[in-house]
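Protein chains: 2
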Amino acid sequence: MQDKKMVKEITSRDADFAKWYTDIVKKAELAEYTSVKGCMVIRPYGYAIWENIQKILDAKFKETGHENVCMPMFIPEGLLQKEKDHVEGFAPEVAWVTYGGSEKLEERLCVRPTSETLFCDHYANIIHSYRDLPKLYNQWVSVVRWEKTTRPFLRTREFLWQEGHTIHATAEEAIAETEQMLNVYADFCENALAIPVVKGKKTESDKFAGAEATYAIEALMHDGKALQAGTSHYFGDGFARAFDIQFTGKDNKKQYPFQTSWGVTTRLIGAIIMTHGDDNGLVLPPAVAPIQAVIIPIAQHKPGVLEKAAELRDRLKNTVRVKLDDTDQSAGWKFSEYEMKGVPLRIEIGPKDIEAGQCVIAMRHSGEKVIVPLDELEAKVAEMLQKVHDGIFRIALDNRTKKTYNCGSIDEIISCRAEHGDGFILAPWCGDEACEDGVKEQTGVTSRCIPLDDPDCSDEKCVCCGKDAQHMVYWAIAY
Amino acid sequence: MQDKKMVKEITSRDADFAKWYTDIVKKAELAEYTSVKGCMVIRPYGYAIWENIQKILDAKFKETGHENVCMPMFIPEGLLQKEKDHVEGFAPEVAWVTYGGSEKLEERLCVRPTSETLFCDHYANIIHSYRDLPKLYNQWVSVVRWEKTTRPFLRTREFLWQEGHTIHATAEEAIAETEQMLNVYADFCENALAIPVVKGKKTESDKFAGAEATYAIEALMHDGKALQAGTSHYFGDGFARAFDIQFTGKDNKKQYPFQTSWGVTTRLIGAIIMTHGDDNGLVLPPAVAPIQAVIIPIAQHKPGVLEKAAELRDRLKNTVRVKLDDTDQSAGWKFSEYEMKGVPLRIEIGPKDIEAGQCVIAMRHSGEKVIVPLDELEAKVAEMLQKVHDGIFRIALDNRTKKTYNCGSIDEIISCRAEHGDGFILAPWCGDEACEDGVKEQTGVTSRCIPLDDPDCSDEKCVCCGKDAQHMVYWAIAY
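Protein chains in written order, with our numbering: chain A, 8 to 486; chain B, 8 to 486.
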């Protein structure tokens, strides 16, 4: 077994969560640093997770009537400036192209930080009548935001995402679209990524630049910090007015249409790591795991073992993303390797198993092992993949429940944080921006969202000013 | 039928090929111009063609052992300069980012024109032993080249592509990879896009910047101009030496690995248009057509027609990309619309057809109509899609055969071009760059490639200098 790689130690999750995170990113070979400051290489194993995310979401987008397009990656400075709030929000953090070859450009181009302006420019070209509406567009691209502090997947200067951009004849239709896509994201997080999320509305100060309303799904990581996992924005007709997009209605009158945009990014991979991972490495939700089950032959030099292992692989390969590892590494090495990589199921098959007509299947998240008769293989694998999904969702939900605290005053927030550390604080707020800032200054947590199932707060007082509360708000330290 | 759009006239293909081309791009809604000079929007119908191209090629890449990754879109100037020939080839045509937000960057970043330097930088990080080889990587991204003259799909400042980058322990393995991917591209063009191609090697002067050898597939468009449809490069160990990528071999000695790269781009969509299109618009190869068959109800207000049309759609939808157009436009309008959009099959169903238990299927490329008994629908549609593919391939091949001319001297080339116009000129060449330039100066055509099945030229003389020929070369005016 010469030249054998050993699975390297990773930092303990509870000892140093941040270092544990970067250890996993590197050692599970999800991403690697580059010579380009603030940018990463997404390696095959990490990219395969993204491809699975894309496949599921893209099918869902198409099912709900959306079409993919591709806009340019550059935005001329004049175009970026057309919507006042939008340019104020993004101009400070864009990368500027000033030269093409050796020639200085007449007008600077920014590398898109988001593409509202490009879509509007296009819509103004192609929309004339109510018959041209709605347009339900999406694109899968990368965008650039010149961040100072970066971390793989969570915050990088370039990141991959999808951005949906839709335009509708009426405000009602656009609002319904905004809500629909928030629900698509929430369902995806819960049913594919096994990440429980809170659906909510952002406060005025935390809205997307140019939006009338921003909705988000917020997840709680294992360490009790919050992560915004997706956003859906309602624009009203603000962009349409700024870009002079008008259509002739059924009533033959010119009018402005209403718009939305919505997006999720590769930071979802960061959310997966920080929601499900443990001290042995990554734990992947079955729906997006590049390998759902790995078959590891035991005593593979013994006659018939590799043949049987290959037979199991062939039985599973049309319904499960299965891999047979028949390399000459030791079984122990392989156990650690696929644990580090978060493969949901490990199937062990050795001479004694073959004799007994069985195999052993271990679940990554719990370590639980089950003896499975070979003639029940397909059914058991499907069942156990579901069990892994349900199990990791439950663990994540329990973590969130345990780490969600009701607080009625600034003092309570401070003592709660001192006692329990990070988590969601659910606390009433009067709706005033000064109080939102006050909470942040005095306790460190920021408003994450007003939950859509806004709990009754008629008897509650704002934690900051003591006036009547308008909303219950989730507050937290956020990634 | 108020508010009805009429299919707009397009320029005749033979009257003005260039204008016919841009008419189709716009009127079939493949792409649209933008406010970003030299860049285009790829519209849903055009992007769906690209998605189908991606799906087929990506499956083929994975079948041949390749994995997808994602590199940054930026290249620091110092990294671009590491390989001398490479930077000379690309630096004059890159876009430079000089500011991040309001801060001037210490080192300029170019937007990738191609990613050899980024892959090499990464390989130097992750390759140490022969056990780390080969790496067979690919990425689907966009790249930027600051072109002066642009045309949708054929030459734009930003374009979509895939770039494969592989690295191997031996030169033999890398050469085999280069050949394999050239064959993958050629098979794809012929079997999916129905575009016949010549596989060949580029001359020294036409090699990729930094390559030891560049192979290409060359197609002939309807107008007799050539289009390079894909390239596959063998790098030797030149990049490995420039980037100091070394590995410890089985013999325990440090050595340099060998590399390849290969790519196809959205210009394939341009090739589809110019190979198959006609005066009624686009003609799409079934394998990549977003809609393979459109069902058009005749006299759809009559009882039972729409129901029957929907029944046919439901029967086909699991095996064919089928669309039922039950809008209130006239059948005649729909006929023109889907002809313009190049949909391979049109299925007509009206009251008389229903009574007779049949439908009528028309093939876009030939206009031929076939009466099909309804109980044979699925089989006939599959058969006719194949017939469309074979038919358009045959037409393209005949066009190429008709427009390929053997010439033995510069004078013959000149008179051939005067008589026949554009096409492939197959003519002997001594291998000298001066003669290659000479042919271009005197006749206008450039060397496209030395065909891999290099015909015997032992009795031939170079068309330029009259010395013994080394190769037969395809020459043409190229897009």
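Hint data in this document are derived by calculation from the structure and do not stem from the laboratory. Among the hints, a few may not be true.
Treat identical chains as interchangeable: a pair holds within one or across any two.
[Unchecked claim] Restricting the straight-line Cα-Cα distance to at most 25 Å, the calculated cross-link-like pairs of lysine-lysine (DSS-like) are:
no.	residue 1	residue 2
1	324	62
2	330	62
3	261	26
4	309	44
5	142	330
6	33	359
7	91	26
8	330	69
9	67	330
10	91	44
11	447	208
12	26	315
Keep in mind the model is a prediction, meaning the values are calculated, not measured.
Hint check:
1. For a Cα distance limit of 25 Å, the shortest separation of residue 324 from residue 62 qualifies both inside one copy, at 18 Å, and across copies, at 20 Å.
2. Taking identical chains as interchangeable, the C-alpha atoms of residue 330 and residue 62 lie at most 25 Å apart whether they share a chain (20 Å) or sit on different chains (22 Å).
3. Taking CA atoms no more than 25 Å apart as the test, residue 261 paired with residue 26 passes in neither setting, with 57 Å inside one copy and 33 Å between copies.
4. Within a single copy, residue 309 and residue 44 get their C-alpha atoms no closer than 50 Å, and across copies no closer than 66 Å, so neither meets the 25 Å cut-off.
5. Only between protomers do residue 142 and residue 330 lie at most 25 Å apart by alpha-carbon distance; the minimum there is 18 Å, versus 42 Å within a single protomer.
6. Taking the shortest alpha-carbon separations for residue 33 and residue 359, neither the intra-copy value of 37 Å nor the inter-copy value of 67 Å comes in at or below 25 Å.
7. In this assembly of identical chains, the alpha carbons of residue 91 and residue 26 never lie at most 25 Å apart, being 40 Å within a copy and 39 Å across copies at closest.
8. Taking the shortest Cα distances, residue 330 and residue 69 sit within 25 Å of each other only across copies (14 Å), while inside one copy they are farther apart (30 Å).
9. In this assembly of identical chains, residue 67 and residue 330 lie within 25 Å of each other by CA distance solely across copies; the values are 19 Å between and 27 Å within a copy.
10. With identical chains, the CA atoms of residue 91 and residue 44 are at most 25 Å apart between copies only, with a shortest distance of 23 Å across copies and 30 Å within one.
11. In the homo-oligomer, the alpha carbons of residue 447 and residue 208 lie at most 25 Å apart inside one protomer (18 Å), although the nearest pairing across protomers, at 65 Å, exceeds that limit.
12. Taking the shortest Cα distances, residue 26 and residue 315 never come within 25 Å of each other, neither inside one copy (41 Å) nor across copies (63 Å).
Comparing the model with each numbered hint stated earlier shows that hints 3, 4, 6, 7 and 12 do not hold.
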